[in-house]
Amino acid sequence: MNAKNNNVDQLIEQYKTLPGGLLPLLHAIKHALGYIPESTVGSIAKGFNLSRAEVHGVISFYHDFNTQPVGHHRVQICRAEACQSMGSRQIESYAKQSLGIEYGETTSDGMVTLEPVYCLGNCACSPSIRINDDIYARVDKSRFDQLISELNMPELDKVEISS
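Per the numbering used here, the very first residue in the sequence shown carries number 12; after that it's consecutive.
Honestly, the hints are just simulated from the structure, not real lab data.
Predicted model, so just to flag it, every value in this text is computed and none were measured.
Incorrect hints may have been included.
If you anchor each label on the Cβ, the simulated ranges turn out as follows [stated by the list, open to error]:
#, residue 1, residue 2, range
1, D151, M122, 38 to 46 Å
2, D144, Q95, 20 to 28 Å
3, Q95, K57, 17 to 25 Å
4, Y114, T28, 32 to 40 Å
5, S119, Y46, 29 to 37 Å
6, S153, T28, 48 to 56 Å
7, K107, G132, 17 to 25 Å
In the DSSO-like style, the derived pairs of lysine-lysine whose C-alpha atoms are separated by at most 30 Å in a straight line are [stated by the list, open to error]:
#, residue 1, residue 2
8, K57, K152
9, K41, K27
10, K57, K27
Think of the CB as a built atom: it goes at the ideal place given N, C-alpha and C, for glycine as much as any other residue.
Build out the structure end to end from the sequences listed, making use of the hints.
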């Protein structure tokens with residue numbers, strides 16, 4: 012058994028007796044590994060006396076969880092009808108071209124994973140994208156480039172200068 016599964020088994024033992032412990036367990040696994048490996052679903056199901064389908068259903072329901080490693084930043088492009096009517100297909104095509112990846116892929120530097128999402132609930136301000144936990148409205152090619160370039164900028168420590 013590899014270290015990854017060992018770690019997950021320890022977490023299962025820690026959370027399986029907690030009421031509603033499945034969600035905290037999934038968050039703990041994501042925090043420890045960066046994702047929830049598909050290979051761990053069986054162990055999780057067994058530990059919580061659930062079916063694999065039930066565990067998979069919870070993982071796939073919440074956008075915070077993924078079964079494959081993702082980049083440092085998740086860029087999601089809305090593909091719902093309102094966003095499509097306002098140009099999300101063009102943003103989608105541009106994003107794939109400018110990042111050099113398809114949906115479900117991560118850039119070679121590990122910074123960005125591109126994903127489709129089906130409605131961000133921001134229809135009045137479409138087309139919309141979500142980067143990590145932030146939603147951006149009326150995104151065009153120029154705004155997309157600006158947002159991506161901001162992801163790659165190191166955060167600077169703010170220094171207060173007193174006179």
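Going down the list of hints, with the structure as the test:
no.	hint	in the structure
1	D151 to M122: 38 to 46 Å	22 Å, violated
2	D144 to Q95: 20 to 28 Å	23 Å, holds
3	Q95 to K57: 17 to 25 Å	42 Å, violated
4	Y114 to T28: 32 to 40 Å	39 Å, holds
5	S119 to Y46: 29 to 37 Å	18 Å, violated
6	S153 to T28: 48 to 56 Å	53 Å, holds
7	K107 to G132: 17 to 25 Å	24 Å, holds
8	K57 to K152	47 Å, violated
9	K41 to K27	16 Å, holds
10	K57 to K27	10 Å, holds
Figure legend: structure checked against the earlier numbered hints; hints not met, in rising order: 1, 3, 5 and 8.
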